[in-house]
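Line by line, the protein sequences give chains A and B. The opening position of the first sequence corresponds to residue 1 in this note's numbering, with each subsequent residue numbered one higher. The opening position of the second sequence corresponds to residue 1 in this note's numbering, with each subsequent residue numbered one higher.
Treat the hints with caution; some may be incorrect.
Which chain B residues face chain A? A few, computed with CB under 10 Å, are given here [unchecked claim]:
hint	residue
1	T35
2	I278
3	V282
4	E363
5	R380
So these bits of chain A aren't anywhere near chain B, every CB distance computed over 12 Å [claimed, not checked]:
hint	residue
6	L17
7	G59
8	A60
9	T101
10	D125
11	D131
12	D133
13	R139
14	G144
15	R164
16	G214
17	L229
Just so you know, the hints here were simulated from the structure itself, not pulled from any lab data. Here a beta-carbon is modelled for each residue, glycine too, at the ideal position from N, C-alpha and C.
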Amino acid sequence: VTVDLGLSPDQQSVEELFSTFFAKEAPPSVARAAEPLGFDRALWDRLAETGAPGMGVEGATMGDLVVAAEQLGRAIAPVPLVEHLAASRAHPVPELCDGSTIATISLRPAVDGVWSLVPAGAVADVVVGVDGDELVAVRSEAPGSGPRNHAAAPLADRPTAGLRTVLGPASQFDAVLAEWQVLTAGALVGIAAAALDLGVEYAKTRVQFGVPIGTFQAVQHALAELPGLIDGARLLTHKAAWAEGPGAIDTGDNAVEDQVALASMAFVFAGDVATHATDRSLHVHGGYGFSEEYDIQLFYRRARGWSLVLDDPAAECRRLADRLFGAR
Amino acid sequence: MDFSLPPEVEAYRQQIRAIVARTVTPERIERCHQTGTFDIPELNQALAAEGLIERAVPGLGKGDPIELWVLFNELEKAQEPFDALAVSVMIAGVVNRVGTEEQKARILPSIIEGRSHVCMGYSEPDYGSDVASITTRAVRDGDEWVINGAKMWTTMAHVADWLILLTRTDPDVPKHRGLTMFILPMDTPGISVEPVPTMATERTNATFYDDVRVGDEAVLGEVDGGWSVMTVALSLERGVMGGTNPGVPLLRHFREWAEASGAITDPLVRERMARVAIDNEVAKLLTQRSAWIAASGGTPGLEGSMTKIFATEAYQKASRWFMQSAGPAGILQFHEDGAAADGWIEYDARHSPVTTIYGGTSEINRNNIAERHLGLPKARR
Chain A
1 VTVDLGLSPD QQSVEELFST FFAKEAPPSV ARAAEPLGFD RALWDRLAET GAPGMGVEGA
61 TMGDLVVAAE QLGRAIAPVP LVEHLAASRA HPVPELCDGS TIATISLRPA VDGVWSLVPA
121 GAVADVVVGV DGDELVAVRS EAPGSGPRNH AAAPLADRPT AGLRTVLGPA SQFDAVLAEW
181 QVLTAGALVG IAAAALDLGV EYAKTRVQFG VPIGTFQAVQ HALAELPGLI DGARLLTHKA
241 AWAEGPGAID TGDNAVEDQV ALASMAFVFA GDVATHATDR SLHVHGGYGF SEEYDIQLFY
301 RRARGWSLVL DDPAAECRRL ADRLFGAR
Chain B
1 MDFSLPPEVE AYRQQIRAIV ARTVTPERIE RCHQTGTFDI PELNQALAAE GLIERAVPGL
61 GKGDPIELWV LFNELEKAQE PFDALAVSVM IAGVVNRVGT EEQKARILPS IIEGRSHVCM
121 GYSEPDYGSD VASITTRAVR DGDEWVINGA KMWTTMAHVA DWLILLTRTD PDVPKHRGLT
181 MFILPMDTPG ISVEPVPTMA TERTNATFYD DVRVGDEAVL GEVDGGWSVM TVALSLERGV
241 MGGTNPGVPL LRHFREWAEA SGAITDPLVR ERMARVAIDN EVAKLLTQRS AWIAASGGTP
301 GLEGSMTKIF ATEAYQKASR WFMQSAGPAG ILQFHEDGAA ADGWIEYDAR HSPVTTIYGG
361 TSEINRNNIA ERHLGLPKAR R
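Please put together the full structure from these sequences, using the hints given.
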């Protein structure tokens, strides 16, 4: 076989490890209990015991990390592994690898000495971000709280003041952001896949008019469009993880191998798919989907929060257009 | 996952591209749109001259699904009309799999030499998605079979040399069990062809069968085993023989117009172009996955359904967006002054609707996914 789109043996091991870990340690009740802050310190400590925080700098490929991120998304686990992995690859120091220090990245350059709405900013000890014309890592005290938000994510503004390490010119940030986009896309694929499973399970068991609602074509078709979207998002995310650095960009020939372009594509598409899949699954749940008692609403809110924390997808598409078609 | 193509596949791609560049000329594409016959014999013969049709036929040549994907992907990107070739390659694979030695010797050379096409007589005026209910009858009469009935959407029947024909031979058993497949020359007495013009210029046909007499040499597979022959055909197609990347030439055409008109600076136009590029990439990857599954010995039936739904619906969305973005220029047809992308934007709006219908409607594909992939209970229909 000349093409291999299956998980490598390493990736299968990563999938097994994380799916087992999250199934045992982080059922949806854990995400629920961690609201509104969206962080469970004890869960992070147990995750650190598995060595997960150091994966990003200790031999794992981006493809391996995407597999881990998807499992985190499936569990909507309240730990900032995605942010930490992206930050630690930009700032590979020992205290990040053992998880004793939590790191994150600011998605936006600092304005007036403040990074705004930093993912995991409420709980991270180190923030990697752009300040002026430099990419820096700043250690400062985590505030421990932040604005309440749709995803119950530990967002917070962070000052650029603190113990500062210069990592390089600001231009290096594109690659850092691209990796965060790829890993977040992986987590969003996990959300979408979990939402589909919840919707299918509900459709098989909920009885109306004397039959499971999954026997109705209108319900079937709302769910049947999702597997292709989810599989497409997963493939695109893995392709973005596979790409290294600048590469071919020829949309007229359907040839895109550029890391930054593929990362942006994967992030937009996975965000759309997770948003759509959670919307469909919630709808199939009927009124219960809207109630706090059922889990689908947890996934619904995170699908939006985790993707919109960067920007309006339309704005991301316009940046992608600059990369694909040239800036105008 | 490894998304790169190895050197030998890349070399094969370059070989295809060279033939396409030489034979798929604007004049020949124009000829398709003038005549309604969407086929370029010069391409078929050039492929055959390098042994590439035989090489593509599953089970006969190399039959590598990765190559099959690359071949039709290159044809589709070039906007070469590939449907007729795809049917001929697929049916050649069926003949090779289930046909007799006599049938193989009689039928296959003309196909792999690029001289003859096969047309498909499956659907009927009253039976489309429910194809197992067809009523065209084949009745035993001595040593012969006598066929009567009518078929619809028999595209290429007016130029094909061969016809693969699904008939009912036993009306007294459950519908899937009483079907028999025939393969016969189109010049067999009793066959008549009526054109069916379509909105997308391409001509298809209605075909009529009036006491058509054939011998057992025309039976393909077992008598009353027609449904399993249908299954073989579907399993050979694998969702990699074109139709899953129509958005690529559309984006290329639209970009040319957007650059020339200045619309490329419009933020909404840029957003839509980027989204179409994303969808095109996803459609490519889903198709590549089907090829990989087939090459690994699997049957990507459900994955093919997912891919077709996604690719065709994305294509319709792209066509709608780009036609809107082009405004009045988007409604002007080929050869009219000011037509967006020389009329291609308008053409795609005429062509895209059929893609969610033929080759399995989106609804039939969703039924398959719901029941066989998601495990939902059988629907009340």
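*Against the earlier hints, flag every one the structure doesn't satisfy and list their numbers going up.*
Violated: hints 1, 16 and 17.
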